[in-house]
Amino acid sequence: MPSFAPFFVSGLATAATYVLAAVGIVVLYRASGVVNFAQGAVGALAAFISWTIVQHGGPDVVGWIAGVLAAVAFSLFYGRVLAPRLAYSDPVMRAVATLSFALILVGFIDYVWGELPRKLKLPTDTDGFEWLGVRVTYTRAVAMGIAVAATVAIMAFLAKSRIGLQMRALANNRDLSAMLGVRVLRADACAWAISGALAGVSGILLGDLQRLGGIALTFAVIPSIAAAVFGRFVSLPATVAGGLAIGVCEALLTPVPVIGPFRTALPFLFAVLAMLWMQRRAAYVYR
Amino acid sequence: MNANGGINGGQIKYDMLDDGWNPEQSSQDAAKLINDEKAVALVGNMSFVDCGANQGIYEKSDIMVVGGVGVPRDCYFQKNYVTTNAGPRVSNTKTLMYIAQQNPGKIKRFVCIAMNIPNVGEWSCEGAGGWIRSQGGESKVILFDPSSLDATSLVLQAMEFKPDVISIDLPKGLAVPLFAAAEEQGLIEKLHWMGPASLYNPTFPPAISKAWDGRVWVDMELNDAASTKPDNANWLAVMDKYATKDLPRDTFAQAGYLAARVVSETLLKMDPAKIDRASVTAALRGVKRFDSDMFCSPWYIGDEPRHNPNHNGPVSLVKDGKLKPLDVCIDSEDPELGDVHAYEKTIGITK
Numbered sequence: 096m097p098s099f100a101p102f103f104v105s106g107l108a109t110a111a112t113y114v115l116a117a118v119g120i121v122v123l124y125r126a127s128g129v130v131n132f133a134q135g136a137v138g139a140l141a142a143f144i145s146w147t148i149v150q151h152g153g154p155d156v157v158g159w160i161a162g163v164l165a166a167v168a169f170s171l172f173y174g175r176v177l178a179p180r181l182a183y184s185d186p187v188m189r190a191v192a193t194l195s196f197a198l199i200l201v202g203f204i205d206y207v208w209g210e211l212p213r214k215l216k217l218p219t220d221t222d223g224f225e226w227l228g229v230r231v232t233y234t235r236a237v238a239m240g241i242a243v244a245a246t247v248a249i250m251a252f253l254a255k256s257r258i259g260l261q262m263r264a265l266a267n268n269r270d271l272s273a274m275l276g277v278r279v280l281r282a283d284a285c286a287w288a289i290s291g292a293l294a295g296v297s298g299i300l301l302g303d304l305q306r307l308g309g310i311a312l313t314f315a316v317i318p319s320i321a322a323a324v325f326g327r328f329v330s331l332p333a334t335v336a337g338g339l340a341i342g343v344c345e346a347l348l349t350p351v352p353v354i355g356p357f358r359t360a361l362p363f364l365f366a367v368l369a370m371l372w373m374q375r376r377a378a379y380v381y382r
Numbered sequence: 057m058n059a060n061g062g063i064n065g066g067q068i069k070y071d072m073l074d075d076g077w078n079p080e081q082s083s084q085d086a087a088k089l090i091n092d093e094k095a096v097a098l099v100g101n102m103s104f105v106d107c108g109a110n111q112g113i114y115e116k117s118d119i120m121v122v123g124g125v126g127v128p129r130d131c132y133f134q135k136n137y138v139t140t141n142a143g144p145r146v147s148n149t150k151t152l153m154y155i156a157q158q159n160p161g162k163i164k165r166f167v168c169i170a171m172n173i174p175n176v177g178e179w180s181c182e183g184a185g186g187w188i189r190s191q192g193g194e195s196k197v198i199l200f201d202p203s204s205l206d207a208t209s210l211v212l213q214a215m216e217f218k219p220d221v222i223s224i225d226l227p228k229g230l231a232v233p234l235f236a237a238a239e240e241q242g243l244i245e246k247l248h249w250m251g252p253a254s255l256y257n258p259t260f261p262p263a264i265s266k267a268w269d270g271r272v273w274v275d276m277e278l279n280d281a282a283s284t285k286p287d288n289a290n291w292l293a294v295m296d297k298y299a300t301k302d303l304p305r306d307t308f309a310q311a312g313y314l315a316a317r318v319v320s321e322t323l324l325k326m327d328p329a330k331i332d333r334a335s336v337t338a339a340l341r342g343v344k345r346f347d348s349d350m351f352c353s354p355w356y357i358g359d360e361p362r363h364n365p366n367h368n369g370p371v372s373l374v375k376d377g378k379l380k381p382l383d384v385c386i387d388s389e390d391p392e393l394g395d396v397h398a399y400e401k402t403i404g405i406t407k
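Residue numbers (our numbering), protein chains in the order written: chain Y, 96 to 382; chain C, 57 to 407.
Please keep in mind that the hints were generated in silico from the structure rather than gathered at the bench. No experiment lies behind these values; they were computed from the predicted model shown. Idealized CB from N, CA, C, for every residue including glycine. There could be a bad hint or two in this list.
[As the list claims (entries may be wrong)] Computed list of lysine-lysine pairs in BS3-like fashion (alpha-carbon distance at most 25 angstroms, straight line):
1. K214(Y) - K380(C)
2. K214(Y) - K378(C)
3. K214(Y) - K375(C)
4. K301(C) - K214(Y)
5. K266(C) - K214(Y)
[What the hints assert, rightly or not] In silico negatives: residues of chain Y with every beta carbon more than 10 angstroms from chain C:
6. V176
7. S184
8. M274
9. A315
Produce the entire structure from the sequences given, and follow the hints as far as they go.
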């Protein structure tokens with residue numbers, strides 16, 4: 096019987112990056128009604144830009160800030176230029192459009208950087224502490240801290256700020272909010288910027304903690320989407336719980352014979368189970 | 057070849073088709089080359105799906121494929137397919153054998169981490185696993201989905217077996233995060249680390265940290281890519297004249313060159329008026345010895361039902377940000393190569 100404790104610790108940091116991206120996805124969906132499949136690709140772009148700046152001798156901080164700013168800029172570009180043209184399209188079409196954007200970004204990353212082996216390094220990688228038999232670098236601790244802090248800050252922002260109120264109003268009824276004077280584009284832009292910033296931070300952390308690869312980081316959005324499904328694209332606490340559960344369970348399955356090699360299917364299983372659970376009430380009403 | 061007059065005046069047609077890892081596309085490409093283009097032989101193939109997808113086509117058409125780089129098991133278990141590279145299975149076995157030679161009596165437990173791709177992952181590890189078990193040791197193969205992002209969990213899983221050697225049997229892009237995770241967990245000096253020739257690329261050492269200096273052994277499949285010996289120098293000159301500077305001068309490029317050398321030298325010995333698919337296939341099967349300073353021992357094709365002629369080669373060590381070739385030739389003692397060794401005795405390659 097393998098000891099699962101080290102795998103629990105190992106999975107926490109990956110889970111934190113899922114949480115960050117998932118929170119961005121939910122915030123955006125609540126404000127604009129768009130399921131953003133490009134969250135991972137935008138994060139990948141941030142990671143590659145950070146790596147390039149640091150590789151060319153730039154200060155680490157400049158690299159991170161530039162990466163996050165680029166993620167915000169690309170996210171805003173999509174949100175202000177392309178998304179409004181699809182605002183009255185079917186929700187599925189709006190989601191698929193973000194997938195197209197993701198594939199364009201993957202192509203761009205592949206064209207500029209290729210698939211050479213690279214490692215994004217952060218100063219917090221070298222030191223750490225021991226917990227349950229696993230060495231936890233400060234980068235992992237920081238990832239967890241950022242995930243918690245970002246979630247709390249965004250919940251407070253949505254609950255207390257005026258623009259947060261407007262974003263919640265848009266989520267309830269977009270047309271009615273506009274008629275009542277909510278500045279739709281401004282609230283939308285704010286949601287796209289928050290989503291881009293969270294994608295950027297998540298991408299840089301994933302690029303350091305796991306793999307700096309365009310395709311790998313782009314499709315890291317799948318567990319985050321599953322976490323958002325877990326939160327019904329509405330509840331941030333449930334989304335956080337979903338992200339943590341997926342990341343940790345994925346790691347816990349690692350030493351399990353037979354199932355272990357297929358643990359990447361776990362997000363799909365979580366999403367399907369979450370959707371079946373949500374259907375439960377509707378089925379009851381129908382009967 | 058064409059710049060030097062081709063094959064006795066006949067020009068070689070250079071086509072490169074991309075199958076995109078799609079078996080159906082690969083079969084379409086093979087059918088196009090064989091049926092439409094009337095190819096007499098295919099040279100330099102390098103694909104994850106070609107060997108498995110097209111075995112039937114190659115045998116039915118009786119066309120010989122002299123591949124550059126074969127990875128899956130199918131590339132080493134068919135009559136009409138031979139490669140100049142050694143393959144990941146031989147690659148892993150040789151490197152483990154070298155580490156065991158350098159640490160007599162100390163290497164007993166071996167873990168191999170590979171992708172869960174059928175006919176690639178487990179098969180590529182089991183040569184080294186079979187060898188260490190034949191020495192009284194134990195082995196474990198850890199397979200994972202390449203889309204999995206959690207490298208630390210994989211390393212922790214490997215460490216549960218308490219290994220003396222871990223092989224990161226992966227392409228270089230996937231391998232780097234595992235080395236980073238091992239470093240993060242302070243495991244560099246606790247055991248020996250190795251990888252097959254997929255890591256023998258100048259971009260690999262700079263991608264892992266300097267802490268790995270002198271701690272990772274990587275198989276080479278073919279001799280030093282920087283060697284100034286005649287064949288290798290000729291390969292480098294060809295690359296400099298006809299290939300762009302950004303293309304890697306690595307094992308896989310060497311393998312493609314050697315495949316072309318074997319076929320062109322065979323064709324040059326034939327009567328130009330009698331060159332057709334049947335005669336070329338027969339002539340290639342008649343290649344019972346091909347010597348080159350890029351191989352550790354003579355290479356051949358022969359007429360056996362399967363081919364794995366390159367099983368003897370050097371290994372390298374990560375040193376000063378580079379892969380330093382070690383002046384050794386290790387002959388794989390993978391139990392699965394019994395039939396290959398037996399055939400070599402019949403054609404005088406070994407005694």
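Status of the hints after comparison with the structure:
| no. | hint | verdict |
| --- | --- | --- |
| 1 | K214(Y) - K380(C) | holds, 21 angstroms |
| 2 | K214(Y) - K378(C) | holds, 16 angstroms |
| 3 | K214(Y) - K375(C) | holds, 18 angstroms |
| 4 | K301(C) - K214(Y) | holds, 23 angstroms |
| 5 | K266(C) - K214(Y) | holds, 13 angstroms |
| 6 | V176 | holds, 31 angstroms |
| 7 | S184 | holds, 30 angstroms |
| 8 | M274 | holds, 45 angstroms |
| 9 | A315 | violated, 6 angstroms |
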